[in-house]
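Take these sequences, add in the hints, and give me the full structure.
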Amino acid sequence: MTVGGSGNQTKVNTRLPHLLMGVGILYFLVPLLWVVIAATKSQPDLLDSPALWFAEFNLFENIGQLFREDDGVYGKWLLNTALYSGLSALGATALAAAAGYGLARFQFMGKRLFETALLGMIMVPATALVLPTYLILAEVELVDTMWAVILPSLLSPFGAYLVRVYVDESVPVELIDAARIDRAGELRIFWQIVVPMMRPAIVTVFLFTLVATWNNYFLPLVMLSDSELYPLTVGLTTWFNLAQQEAGTRMLFNLVVTGSLLAIVPLVVAFVLLQRFWRSGASAGALK
Amino acid sequence: MTRSLPITAPAAEESPPAGPVESRSRRRSRRVTAHPVAGALFVLPFFLVVVAFLIVPLGYAFWLSLSSKSLATGVRFSGFDNYVRAFTDPLLLDGLLRVVLFGLVQIPIMLGIALAGALVLDAVTTKFALAFRLIAFMPYAVPAVVGALMWGFLYSRTFGPFADLPTLVGGDPIDFFSVSLLLVSLGNIVTWAWTGYNMIILYSALQGVPREMYEAAVIDGATPVQIALRVKVPAIKQAISLAAIFTVIGTMQFFTEPAIMARFAPQISAGYTPNLYAYNQAFAYSDFHYSAALSFALGFLVFVVAYAFVFVNRRRGGRK
Numbered sequence: 001m002t003v004g005g006s007g008n009q010t011k012v013n014t015r016l017p018h019l020l021m022g023v024g025i026l027y028f029l030v031p032l033l034w035v036v037i038a039a040t041k042s043q044p045d046l047l048d049s050p051a052l053w054f055a056e057f058n059l060f061e062n063i064g065q066l067f068r069e070d071d072g073v074y075g076k077w078l079l080n081t082a083l084y085s086g087l088s089a090l091g092a093t094a095l096a097a098a099a100g101y102g103l104a105r106f107q108f109m110g111k112r113l114f115e116t117a118l119l120g121m122i123m124v125p126a127t128a129l130v131l132p133t134y135l136i137l138a139e140v141e142l143v144d145t146m147w148a149v150i151l152p153s154l155l156s157p158f159g160a161y162l163v164r165v166y167v168d169e170s171v172p173v174e175l176i177d178a179a180r181i182d183r184a185g186e187l188r189i190f191w192q193i194v195v196p197m198m199r200p201a202i203v204t205v206f207l208f209t210l211v212a213t214w215n216n217y218f219l220p221l222v223m224l225s226d227s228e229l230y231p232l233t234v235g236l237t238t239w240f241n242l243a244q245q246e247a248g249t250r251m252l253f254n255l256v257v258t259g260s261l262l263a264i265v266p267l268v269v270a271f272v273l274l275q276r277f278w279r280s281g282a283s284a285g286a287l288k
Numbered sequence: 001m002t003r004s005l006p007i008t009a010p011a012a013e014e015s016p017p018a019g020p021v022e023s024r025s026r027r028r029s030r031r032v033t034a035h036p037v038a039g040a041l042f043v044l045p046f047f048l049v050v051v052a053f054l055i056v057p058l059g060y061a062f063w064l065s066l067s068s069k070s071l072a073t074g075v076r077f078s079g080f081d082n083y084v085r086a087f088t089d090p091l092l093l094d095g096l097l098r099v100v101l102f103g104l105v106q107i108p109i110m111l112g113i114a115l116a117g118a119l120v121l122d123a124v125t126t127k128f129a130l131a132f133r134l135i136a137f138m139p140y141a142v143p144a145v146v147g148a149l150m151w152g153f154l155y156s157r158t159f160g161p162f163a164d165l166p167t168l169v170g171g172d173p174i175d176f177f178s179v180s181l182l183l184v185s186l187g188n189i190v191t192w193a194w195t196g197y198n199m200i201i202l203y204s205a206l207q208g209v210p211r212e213m214y215e216a217a218v219i220d221g222a223t224p225v226q227i228a229l230r231v232k233v234p235a236i237k238q239a240i241s242l243a244a245i246f247t248v249i250g251t252m253q254f255f256t257e258p259a260i261m262a263r264f265a266p267q268i269s270a271g272y273t274p275n276l277y278a279y280n281q282a283f284a285y286s287d288f289h290y291s292a293a294l295s296f297a298l299g300f301l302v303f304v305v306a307y308a309f310v311f312v313n314r315r316r317g318g319r320k
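As given, the protein sequences belong to chains A and B, one line each in that order. Note that full-length UniProt numbering gives residue 203 to position 203 of the first sequence, counting from 1, and the numbers run on in steps of one. Note that full-length UniProt numbering gives residue 274 to position 274 of the second sequence, counting from 1, and the numbers run on in steps of one.
FYI, nobody ran anything at the bench for these hints, they're computed from the structure. Keep in mind it's a predicted model, so treat the numbers as computed, not measured. Keep in mind that the hints are not guaranteed to be accurate.
Reference listing, derived: stretches of chain A covered by chain B, where coverage requires no fewer than 3 residues with Cβ under 8 Å from a Cβ of chain B [said to hold, decoys possible]:
hint, region
1, 146-157
2, 217-227
3, 256-263
Label pairs and their computed distance ranges (CB to CB) [stated by the list, open to error]:
hint, chain 1, residue 1, chain 2, residue 2, range
4, A, E69, B, A72, 28 to 34 Å
5, A, G86, B, S269, 49 to 55 Å
6, B, R315, A, E69, 53 to 59 Å
7, A, E246, B, P166, 44 to 50 Å
8, B, T158, A, R15, 35 to 41 Å
9, B, P108, A, A178, 50 to 56 Å
10, A, V23, B, T223, 19 to 25 Å
11, A, G86, B, W63, 33 to 39 Å
12, B, K237, A, V140, 23 to 29 Å
13, B, P173, A, Q244, 18 to 24 Å
14, A, E56, B, L168, 43 to 49 Å
15, A, L52, B, S286, 40 to 46 Å
16, A, A178, B, L48, 27 to 33 Å
Built from N, CA and C at the ideal position, the CB exists for glycine as well.
And the structure:
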């Protein structure tokens, strides 16, 4: 957009913004470049070669070593992470979609109260719930199982709120009424008419709960003690702690770095591929 | 920092901006169809999860926090003793003060940069701007753990490129983990991770502002900078305050970065942040009663601040 001024003036005006954006790109990119470069280095090179330039190329050796260490536990962590975040995001999205639709298009007892409470639920800080949830799950002996990570991640009051707002805006009541006249069941109306119409909201909720679970550290840290069940975040930190204690003599820093890179890649790729969703999807206007 | 709540909305171009939405949804909500059983059934599964993982844990934490355990007497009811202890506990108060100070400096800097970036993106639509938008958002996809590890390596003298920079011109190496720089180093990690995310949210809000709003200003001869500051910024005030409140919620729960950085910087104590303190009370000292009180008090504090903020905001929004 060019607001005001002649074309000439606009050209001068964008020089500063471009300079600032260049600085920004450097700031956001350099740490990521460092991980990529460092992951190609052997343990000795990691310590001795210039941090932001390549040394001997050992990426594939590092990856091989990464998946062999501790009987291939890294591969398990990767699978666990994918499983936890996939199931949590699917579940949370399904629950939020149904609840959002129910709140937006139906009248029932306690609805008003629940809607008011929903806004409050959004404001309850998630980590304040982690320790109490641990104590509850310890009572029912679910601690140190995968369910201890997945079940609490199903809670997404914001997702429900978002879907409610979206349905309110973009799913016409007339359409639902028409389907009822045609004798479609409520579930069928939801699945065949409403869900396709609210796809953008569903994708947004899914994407963001996926990232939240993939990146979560506090919840699995508290819930899990069996290292076979760890997600990447907890697993990598235990490796890093080992490396620190042994000063890199046995457990190697190059594995921590290569493991970090592989933990980032899937999400960055997903975001680049799905950018049209988050680009049009992110707006704070939802929470009025 | 942990942030569980995305501030996102359905596609901006498909939903009208915040103002008219309010009145329209009011009008529509009267037209809901009355199928009480079906409606309740749609909400029921979500409701059960809310009960199991929000209401019950909070209730249990509160109940636990009302008793104490000691070797001599076992578990006994102690009323609000744990809360009295918490709010006179110098370790907790130190952590609380540290987090508040941290937020007072870091949040305005981060949101300021994010707002500036969003305004630039709104005005410049070159390929370069597109790349900037994508790259700035990337840190959001990096787990906080990995971000903290990465920066820990970057800060360190053995691995990183930055600590020894001053020695090139004969200065002393920088100790990013020293007492005086530690909060700054942590602030930089958080800023790196969340600026792009906030920028995208503010940028999307700007996209939702009707273009006609700028035309009058252009006719009056306003410069692009004047339009940005006097028209665009006020138009997305709502989005800015929401980004601010979610950042405050995140900052109050500060845990991952200090927990990871403690490996690089041993002076990060068990009570460095309130959340770290609650965690250590439970898992290092096995005092679940006191830990529950800390969790509950912290959660309640954040909840009250956040809810009041949104409430006041809504009020103000409704009046205009």
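Per the hint of 27 to 33 Å, is the separation of the Cβ atoms of A/A178 and B/L48 within bounds?
holds (32 Å)
Could you see if the CB distance from A/G86 to B/S269 stays within 49 to 55 Å?
Between A/G86 and B/S269, where Cβ atoms are some 37 Å apart, the hint is violated.
Range first: 53 to 59 Å. Now tell me if the beta carbons of B/R315 and A/E69 are that far apart.
For A/E69 against B/R315, whose Cβ atoms are near 57 Å apart, the range 53 to 59 Å holds.
So the hint says 23 to 29 Å: do the beta-carbon atoms of B/K237 and A/V140 match that?
violated (46 Å)
Taking the beta carbons of B/T158 and A/R15, is their distance inside 35 to 41 Å?
For B/T158 and A/R15 the Cβ distance comes to about 40 Å; the hint holds.
Verdict on chain B covering the region 217-227 of chain A, criterion of 3 CB contacts below 8 Å:
holds (count 3)
Quick check on a hinted range of 40 to 46 Å for A/L52 and B/S286, using CB atoms only.
Check passed, 45 Å falls within 40 to 46 Å.
Examine the region 146-157 of chain A: at least three residues should have C-beta closer than 8 Å to a C-beta of chain B.
holds (count 5)
Using the beta carbons of B/P173 and A/Q244, state whether their distance is inside 18 to 24 Å or not.
holds (20 Å)
Are 3 or more residues of the region 256-263 of chain A near chain B, judged by a Cβ distance of less than 8 Å?
holds (count 4)
Given the hint of 50 to 56 Å, is the C-beta distance from B/P108 to A/A178 inside that range or not?
holds (52 Å)
Could one say that the CB atoms of A/E69 and B/A72 fall in the range 28 to 34 Å?
With a Cβ separation near 47 Å, A/E69 and B/A72 fall outside 28 to 34 Å, so the hint is violated.
Against the hints set out earlier in the document, violations occur for numbers 4, 5, 7, 12 and 14.
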